[in-house]
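S.K.: Each chain is listed here by its residues.
Number of protein chains: 4
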Amino acid sequence: MEQKMRTMALEDAPLIRAHGRTGPSRSPLALFWTGSGIELVVTGTELWLEVEASFGPYEPWFSLLVNGTPVSRQMAQEGRRWVPVFRGMDPRTAKRVRFVKETQAMSGDPACALLLHGLRTDGELLPVPERARRIEFVGDSITSGEGAVGAQAEEDWIPMWFSALDSYGWRTAEALDADCRILSQSGWGVLSGWDNDPRSRMPAVYEQTCGLLGGERNAALGALEPHDFGSWQPDAVVVNLGTNDSGAFRSPQWTCAETGQTFKQRLKDDGSFHEEDLQAFEAAAEQFLGRLRACNPQAWIVWAYGMLGIEMMPSLYRAVDAHARRTGDRRVAVFQLPAMTARTQGARQHPGAEAHRQAAEALAEHLRGLLHER
Amino acid sequence: MEQKMRTMALEDAPLIRAHGRTGPSRSPLALFWTGSGIELVVTGTELWLEVEASFGPYEPWFSLLVNGTPVSRQMAQEGRRWVPVFRGMDPRTAKRVRFVKETQAMSGDPACALLLHGLRTDGELLPVPERARRIEFVGDSITSGEGAVGAQAEEDWIPMWFSALDSYGWRTAEALDADCRILSQSGWGVLSGWDNDPRSRMPAVYEQTCGLLGGERNAALGALEPHDFGSWQPDAVVVNLGTNDSGAFRSPQWTCAETGQTFKQRLKDDGSFHEEDLQAFEAAAEQFLGRLRACNPQAWIVWAYGMLGIEMMPSLYRAVDAHARRTGDRRVAVFQLPAMTARTQGARQHPGAEAHRQAAEALAEHLRGLLHER
Amino acid sequence: MEQKMRTMALEDAPLIRAHGRTGPSRSPLALFWTGSGIELVVTGTELWLEVEASFGPYEPWFSLLVNGTPVSRQMAQEGRRWVPVFRGMDPRTAKRVRFVKETQAMSGDPACALLLHGLRTDGELLPVPERARRIEFVGDSITSGEGAVGAQAEEDWIPMWFSALDSYGWRTAEALDADCRILSQSGWGVLSGWDNDPRSRMPAVYEQTCGLLGGERNAALGALEPHDFGSWQPDAVVVNLGTNDSGAFRSPQWTCAETGQTFKQRLKDDGSFHEEDLQAFEAAAEQFLGRLRACNPQAWIVWAYGMLGIEMMPSLYRAVDAHARRTGDRRVAVFQLPAMTARTQGARQHPGAEAHRQAAEALAEHLRGLLHER
Amino acid sequence: MEQKMRTMALEDAPLIRAHGRTGPSRSPLALFWTGSGIELVVTGTELWLEVEASFGPYEPWFSLLVNGTPVSRQMAQEGRRWVPVFRGMDPRTAKRVRFVKETQAMSGDPACALLLHGLRTDGELLPVPERARRIEFVGDSITSGEGAVGAQAEEDWIPMWFSALDSYGWRTAEALDADCRILSQSGWGVLSGWDNDPRSRMPAVYEQTCGLLGGERNAALGALEPHDFGSWQPDAVVVNLGTNDSGAFRSPQWTCAETGQTFKQRLKDDGSFHEEDLQAFEAAAEQFLGRLRACNPQAWIVWAYGMLGIEMMPSLYRAVDAHARRTGDRRVAVFQLPAMTARTQGARQHPGAEAHRQAAEALAEHLRGLLHER
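For the protein sequence lines, the chains are L, G, A and U, in the order given.
Take the position in the first sequence, starting the count at 1, then add 1; the result is the number in our numbering.
Take the position in the second sequence, starting the count at 1, then add 1; the result is the number in our numbering.
Take the position in the third sequence, starting the count at 1, then add 1; the result is the number in our numbering.
Take the position in the fourth sequence, starting the count at 1, then add 1; the result is the number in our numbering.
For the record, the hints were derived by calculation from the structure and aren't laboratory data.
Hints are not guaranteed to be accurate.
As the list claims (entries may be wrong) - Short, incomplete list of chain G residues facing chain A, as computed with Cβ under 10 Å: (1) 58; (2) 67; (3) 68; (4) 121; (5) 161.
Bear in mind that the values here come from a model prediction, so they are computed numbers and not experimental data.
C-beta: ideal position from N, C-alpha, C; glycine also.
Given only the sequences and the hints, what does the whole structure look like? Please build it.
M.R.: Next up, the structure:
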């Protein structure tokens, strides 16, 4: 029964399932987005994973789950290291293991990368059971789980306060027995970022593998390649954007350092949104819906919004209306997520783990209805 | 210290506060709507209230609160009776007491009436402290608290399963320290009732004291008189209508017994709403918003919807948009209430007490933001 | 299908089940203890019960349950009256109805009585399904649900603040699908009452129907008769006494008005209990266990204590030890109930409904283990 | 403002507070017991800790807390390594950091050791604020948090399923703002272990630093030295032992491999405990109380028991009685902890995190009363 420890490259372990959009390489496997990682079922007493990380200011963090329980969470360290997952377990039982990236793709740190190379075990790999559904989440800091870890008083913008496992997206997927992919970036929006930077638009990068990443290495890993939508079609795409577009109206004008070009969502004297600028947001949202539909022909598209204010809700309804009217699309919906409260606030004025739990409960119930499995 | 028991007519007890739209008479005081009643602060050892009820199929129920605690709930009985509230209490302490109608105005029972005549006590009446705000709720069975009492298996449409105290409106008002008025009727909508009956429109009766009541007696009590909006201006009007308008699309055509006139909200062959009919609903909603604004010039108007489906939400957003654009009204909002779930369902497929509690928590938080007291 | 309303005396309705120790008469049926009442299953559209009450300072309250849901709670009124239970229900369905006395037997009000005479319905009575077990509770104000209703600020000792339905005993029985009987009296103990009155001993009245009641009428109703233990053997007897015995050590000496006899549980100078007096308490507890065993040969006897302090717990363990050693009794246990906290406190410094809920959850779990149905 | 990273040995950092009984060395600092570790307050952007581990079958795990939030949990790796705690934080703010051993001292793995050498930071150390109290916990697997991590289905006895942070002891201390020390060992008891091994007695090792550890290295680190009780006097000692003594009655006889000596707690034919053996347990418990008192002259001693059965409770009460009677000790108490339920069970049939949370809530409330700070 007893086996020797063996080392395997990921590319030689086809039974291991990779989660998240990534490049063509399997060894190493690049983990770009939060919530991405690998999943495997293995017998044996012991398991190690070979992890490589590099970064500038924003280091990646990851978690390990054994049979569904989070057992470890760590800051990744520079270089290539073997990380122990479990030891001393019954050699015959099958263990279901996940390695999950806890932190978002870092548009602000071109050096940031998290790669998986291989595994070491005395067990045998077994097939990973399929989940019932697939859900894709597209969002901003809320969807990145910013502040889901940490006390309310925390103010530093650091990866430590992010969590995929505590985010509403991950929890919604768990509640629905769904694989999930989470594309998200703090500060980004539909038309511009919170600071009026028009480059911080999720629609601009949605069709690439992970187009918001800079740096030659990420490019070499395939981050900027067009995503092959045929390879993974979700049952639902949940879009949680608008919070930063709303913030842009109250932020100073953005000026491009190179070209001097400027951008600003304007408030009127009475404090209300300038109609023209709101209209530009709605047009961008409508256009994004069109692209989402083109990329995901069968999926329900649900704009789920409201954990940090519902100011853009009327615009979102108008955008969805316009899209539906223009295209006849009947599988588009808007859903208001439960608002974070003083009690459920986490770090950095963002939703805490309890706010995410509530949002996941409501969203899962709603999606269950749409996906006809009530 | 000890006093004799004395009997007072309500009209001789100006310190007693009446809640709810009513007619000109104070003795008896007609309680039309659910949640209406009286509130008083009294010393003494003992208190009785003189209650009169009459009804056909749908008897009224009422509750008694002492110092904020519900101590009694009863089916009203025919005739004029003295109902004991408390006995044996410390004669010197002030007790705050409420008599609350638990059941909605009964459009289907012209004989139904609940009247208060007077009180009997050995104590002295004291002024009732003012609450910080006033909120008006306009809705259907959900707002009437239908099913908030009773097991999930209950199917009878009877007053016993209704409750004002357990309804989201009452609880929202409590959370915000607000006086509330609740205008609601099971089955009614904006454009028609659930059965396509165009007479079951809340907008048609909103400007009367309690215009949905039939019968000569109710007329004599003032139910059909125009309401004097100047006498009670709310800080917020919460409208929870649309659920029955949504149902009308899936109900048979209504035919007027007298005129043969028919009405029907139509589904298209593909199961979607007929655009023309949906447009009629939206026009009715928009028009109602105009009347609400005319009647309540300063109030926030919040269309709060979603406990039993969110199908009409896009239409509600369009109606609010159209209203705001047409009038420049900036104090109108839409808010999605948390959906009832399998766990929080009450009697008759309606929200149970826990669903109302959740809705109240979310709505109170939202209103707190609008009313600038976060 | 439609039936006429008919009136029946309880004695002519053998399908109706009576709960609680009572006298020989069925019409009227005397309800002595809290939680006593009747239970019936009936078809028909309408049901009334004929209730008679009389009292001096402490009036009885009662609740009505329809299909397990509490729908009404009322202060009983002097005299003989018909109380409506339900109206307008589907004539064919079977409704399970309970009438429950909410307030304890009143040792301080010899005039207090609550009687049931008969019912009026257009339906047919059906057999009441049997429950799986029988549990008897013996206790003091905690077991009487004193303070389970009412705000923390309430100080009046009045029946309004008592509740059987909210008490841990009733809820424990519900959780275990058990019929229950509750023998309890505020202020009473094992050896004496909280005020050192040696007459306020539950053991002294345990073997009578309801021996703590005074007055000729209660005597005539059979309250003082020896209880026929053969008629109802419980699976478990839960004793929750000791809290008032503990209080007696800190209360003034009691002096008998007639004989001048005195009684006092003494504290020593260092604030600890006088050993001799503690020993007297333990002897009384041991003796009570012997009587409980004699009266209930097969039942588990569980001394469940601790909602308002655990000061007497060592003594209770010693008493149970002594009893078990002396008699070889193996079906006796002590169980510590969860303590009331600042958050779960109710009226009059007594456990609130939430404290009772927690106690019931823990006790039901423990009894489930003893009764071998985990 | 910006500082260079500096490395410090623990012995050169007197502002760092060490938690848990340990040997004389500060660099390295040996962490023997679960919940032991260091606590520090530091400014700066970055912090690393130098951790050394060695082990045979049972590796240590540790957690990191930043400002009270658990941010990382890891399996320790062989050898001496720098572990990152935080990066990129505001250099000026003070961060409160804890390194906590998550796993118990391993009597079954003489090679197991976890040592802290030093730290690296660009910040300055500040004094660690004092907590209000000190509590010591003495227990078995329950107190070690065995099964507090992991799914109910887990059966492997491995360190991964242990947790100090999720244990009732840690949480009780947190609730009371107390420093805590936790002395615990799975399978151990008062008179013998669950398997009747008389060497597995916590009293036998209570007066050493960590006397249950084997191996020369642990001896060299000071594990077997007499503990200096004067150096840390607790306000309360909580003893949670008895569960394994209870199990011994149902386990086979133990035979010493070397001497052939045997030990067995016997059941009688009727399934009850043999009186003589139960008496031996009680004598051992009484004797332990005497030693606890001798070592901790001022502390409240609370025997807190009941999360996995309350079978030994009568014996514990007798032991405490005997101790109190013999010595006049008035600061000894017994407290029943809430039982684990099917819902709150964790891994390996042990209490899960929710069971520990409930136990901590009840125990903290009780201790608050004893320590006069209600």
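S.K.: Each of the hints needs a verdict: does it hold here or not?
M.R.: Hint check results:
Look at residue 58 of chain G: its Cβ gets to within about 6 Å of chain A, closer than 10 Å, so that hint holds up. Given hint, residue 67 of chain G at the interface with chain A, holds; its Cβ is 7 Å from that chain's nearest Cβ, closer than 10 Å. Among the interface hints, the one on residue 68 of chain G holds; its C-beta lies about 5 Å from the nearest C-beta in chain A, closer than the 10 Å criterion. Violation of the interface hint for residue 121 of chain G is found here, the shortest Cβ-Cβ separation to chain A being roughly 13 Å, above the 10 Å cut-off.
Interface hint status for residue 161 of chain G: upheld, as the beta-carbon distance to the closest one in chain A is roughly 5 Å, under 10 Å.
Of the numbered hints given earlier, the model fails hint 4 alone.
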